[in-house]
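The opening position of the sequence shown corresponds to residue 2 in this note's numbering, with each subsequent residue numbered one higher.
What the hints contain is simulated information worked out from the structure, not anything from laboratory work.
Just so you know, these numbers come straight off a predicted model, no measurement behind them.
Mixed in with the good hints, there may be bad ones.
Label pairs and their computed distance ranges (CB to CB) [unchecked claim]:
#1 Lys270 with Lys424: 40 to 48 Å
#2 Thr154 with Ser492: 31 to 39 Å
#3 Gln109 with Asp152: 22 to 30 Å
#4 Asn463 with Ser105: 18 to 26 Å
#5 Pro108 with Pro187: 44 to 52 Å
#6 Lys107 with Pro187: 44 to 52 Å
#7 Leu433 with Gln59: 48 to 56 Å
#8 Ala429 with Ser492: 30 to 38 Å
#9 Lys424 with Asp152: 15 to 23 Å
In this text, a Cβ means the ideal position worked out from N, Cα and C, and glycines have one as well.
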Amino acid sequence: MRLLPLISAFLLGYSVLLLPCALAQTAQRGDIIFETNFEGPDALKGWGGSAKLAPGFQSSQALFVERAVGAPGTSAVAQIPLPVEKVRGCLLHFSGMVRAENVSEKPQSWNGVKFMAPIVAEGGRQWPQGSIGVGTFDWQRVVFPVRVPTDATQMSLYLGLEAVTGKVWYDDIKVTVRKPPFVPQPRTVAGPPYKGHNLPRLRGAMVSPNVTEDSLRLFGQDWKANLIRWQLVRSRAQAKAAPLDLNAYDGWLEGELRKLDAALPLCEKYGLLVVVDLHSPPGGQVTQGGYAGSDHGLFTSAACQRKFIEVWQRMAQRYKSAKAVWGYDLANEPIEGAVTDDVSDWQELAERTAKAIREIDPQHAILVEPPQGGGPGGFTGFNPIDVPGVVYSVHMYLPHSFTHQGVHGPSKPYAYPGEIDGKLWDKARLELALKPVVEFQKRCGVHIYVGEFSAIRWAPDNSAYRYLKDLIDIFEANGWDWSYHAFREWSGWSVEHGD
Numbered sequence: 002m003r004l005l006p007l008i009s010a011f012l013l014g015y016s017v018l019l020l021p022c023a024l025a026q027t028a029q030r031g032d033i034i035f036e037t038n039f040e041g042p043d044a045l046k047g048w049g050g051s052a053k054l055a056p057g058f059q060s061s062q063a064l065f066v067e068r069a070v071g072a073p074g075t076s077a078v079a080q081i082p083l084p085v086e087k088v089r090g091c092l093l094h095f096s097g098m099v100r101a102e103n104v105s106e107k108p109q110s111w112n113g114v115k116f117m118a119p120i121v122a123e124g125g126r127q128w129p130q131g132s133i134g135v136g137t138f139d140w141q142r143v144v145f146p147v148r149v150p151t152d153a154t155q156m157s158l159y160l161g162l163e164a165v166t167g168k169v170w171y172d173d174i175k176v177t178v179r180k181p182p183f184v185p186q187p188r189t190v191a192g193p194p195y196k197g198h199n200l201p202r203l204r205g206a207m208v209s210p211n212v213t214e215d216s217l218r219l220f221g222q223d224w225k226a227n228l229i230r231w232q233l234v235r236s237r238a239q240a241k242a243a244p245l246d247l248n249a250y251d252g253w254l255e256g257e258l259r260k261l262d263a264a265l266p267l268c269e270k271y272g273l274l275v276v277v278d279l280h281s282p283p284g285g286q287v288t289q290g291g292y293a294g295s296d297h298g299l300f301t302s303a304a305c306q307r308k309f310i311e312v313w314q315r316m317a318q319r320y321k322s323a324k325a326v327w328g329y330d331l332a333n334e335p336i337e338g339a340v341t342d343d344v345s346d347w348q349e350l351a352e353r354t355a356k357a358i359r360e361i362d363p364q365h366a367i368l369v370e371p372p373q374g375g376g377p378g379g380f381t382g383f384n385p386i387d388v389p390g391v392v393y394s395v396h397m398y399l400p401h402s403f404t405h406q407g408v409h410g411p412s413k414p415y416a417y418p419g420e421i422d423g424k425l426w427d428k429a430r431l432e433l434a435l436k437p438v439v440e441f442q443k444r445c446g447v448h449i450y451v452g453e454f455s456a457i458r459w460a461p462d463n464s465a466y467r468y469l470k471d472l473i474d475i476f477e478a479n480g481w482d483w484s485y486h487a488f489r490e491w492s493g494w495s496v497e498h499g500d
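Required output: the full structure, derived from the provided sequences and hints.
What follows is the structure, encoded as structure tokens:
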């Protein structure tokens with residue numbers, strides 16, 4: 002797409018603006034690449050498809066799309082091209098006001114009210130979009146992030162209705178640069194990477210916060226493990242009742258910390274170091290696994306971020322002298338989603354939190370997982386934080402169709418090694434999946450801890466054993482500490498149960 006026709010179409014006299022900053026050689030955080038409030042006589046200039054005007058959000062005009070029952074085709078969508086050339090590699094922030102009337106149920110989860118930014122890239126097509134409900138609702142703000150591939154050739158903005166009927170209005174659409182293209186920051190580290198312990202290797206598992214002394218004794222003395230990852234995990238009922246009630250969060254956390262207080266002397270007795278894992282930070286929504294995750298309010302609420310730092314300051318004060326504690330895992334599998342303008346993304350929040358901990362506790366390791374769920378790919382666009390004594394943690398559940406088969410309902414059985422989702426998965430493929438972690442380790446001179454990895458025990462033909470063996474061989478070859486998911490938590494992940 003050529004920029005000149007697009008620029009000339011959106012002069013400053015129009016309500017649709019391609020801002021001059023989009024012409025800069027390098028996009029910077031905060032640059033506005035597209036903005037419209039649909040005001041003025043030329044409000045729809047440049048738009049194609051089913052674009053009309055109607056009364057707007059606190060204004061005279063908004064874009065309006067309607068699709069009646071029995072209308073031809075499957076969709077009614079308005080679209081406009083976006084300038085992709087200057088934002089390749091950027092993380093963009095899409096925001097806008099949306100309201101709807103009598104929108105029918107979605108045939109598929111990806112159908113419905115569209116606030117979408119389709120992308121064409123050499124590596125394939127993508128359809129990132131905001132999450133919007135059905136039925137009738139008043140004006141609400143919708144936000145979503147879009148990572149533009151470095152090889153992107155086209156990008157557009159789609160507004161309207163797909164495979165549903167009803168009416169929808171849009172106003173105050175804005176696209177800004179949240180992060181410029183990622184620039185790796187190699188570090189020169191004198192001496193061996195910081196590990197936070199002097200043992201040859203840490204090997205262990207996650208445990209339930211209700212684990213018994215007998216189980217800890219068995220794990221430490223009989224199984225010869227030397228590490229547990231202790232989950233501070235908030236249940237579905239607790240989280241759904243008041244997800245943003247920070248006073249209720251404090252009450253829940255204090256109860257969980259008392260369990261940890263009672264367990265730490267036992268862990269020291271049985272030779273187990275402890276990772277304090279904040280599995281459920283403030284503001285998290287209930288996940289598919291039934292607990293409050295590291296998302297939603299953590300990246301949309303400044304109050305939740307202040308509380309996040311505060312609770313880690315409190316825990317650092319509480320455990321700074323605890324001999325059994327190895328380290329503090331700041332947030333389990335952080336998922337940024339759409340980070341609002343008044344809060345920090347995960348890279349920034351992790352650094353702010355780690356610095357606050359270091360003012361209180363200079364001793365214990367701080368464990369940081371990458372964004373987008375803590376998986377290997379999260380390290381591709383991640384830099385180390387500027388805080389001493391940090392270990393970087395990864396979770397490994399790839400391929401998910403294999404590791405989680407049958408967990409959330411009936412699914413196709415997959416054996417390992419073998420073809421899974423159209424690809425041959427074997428040890429070489431696992432090494433390829435973990436390549437971003439190895440590259441991060443080497444580029445930044447840091448120590449790696451595998452905080453979670455597993456495979457469901459009923460995978461066919463003893464596949465879980467072979468998968469786990471190959472993974473552990475890879476971990477050991479790279480010198481990584483690790484904790485299996487999980488010991489005496491849920492029988493599906495248990496190595497003590499049969500098929």
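Against the structure, the hints come out as follows:
Judged by the Cβ atoms, the range 40 to 48 Å given for Lys270 and Lys424 holds: they are separated by roughly 46 Å. The hinted range of 31 to 39 Å is not satisfied by Thr154 and Ser492, whose Cβ atoms lie roughly 49 Å apart. Taken as a hint, the range 22 to 30 Å holds for the pair Gln109 and Asp152, whose Cβ atoms sit roughly 28 Å apart. At about 47 Å, the CB distance of Asn463 to Ser105 disagrees with the hint of 18 to 26 Å.
About 48 Å separates the C-beta atoms of Pro108 and Pro187, a value consistent with the hinted range of 44 to 52 Å. For the pair Lys107 and Pro187, the supplied restraint of 44 to 52 Å holds, since their beta-carbon distance comes to about 46 Å. Between Leu433 and Gln59 the Cβ separation comes to about 51 Å, which falls inside the hinted range of 48 to 56 Å. The given range of 30 to 38 Å is respected by Ala429 and Ser492, whose C-beta atoms sit roughly 31 Å from each other.
A C-beta distance of roughly 21 Å is found between Lys424 and Asp152, which places it inside the suggested range of 15 to 23 Å.
Going through the hint list in order, the structure does not satisfy hints 2, 4.
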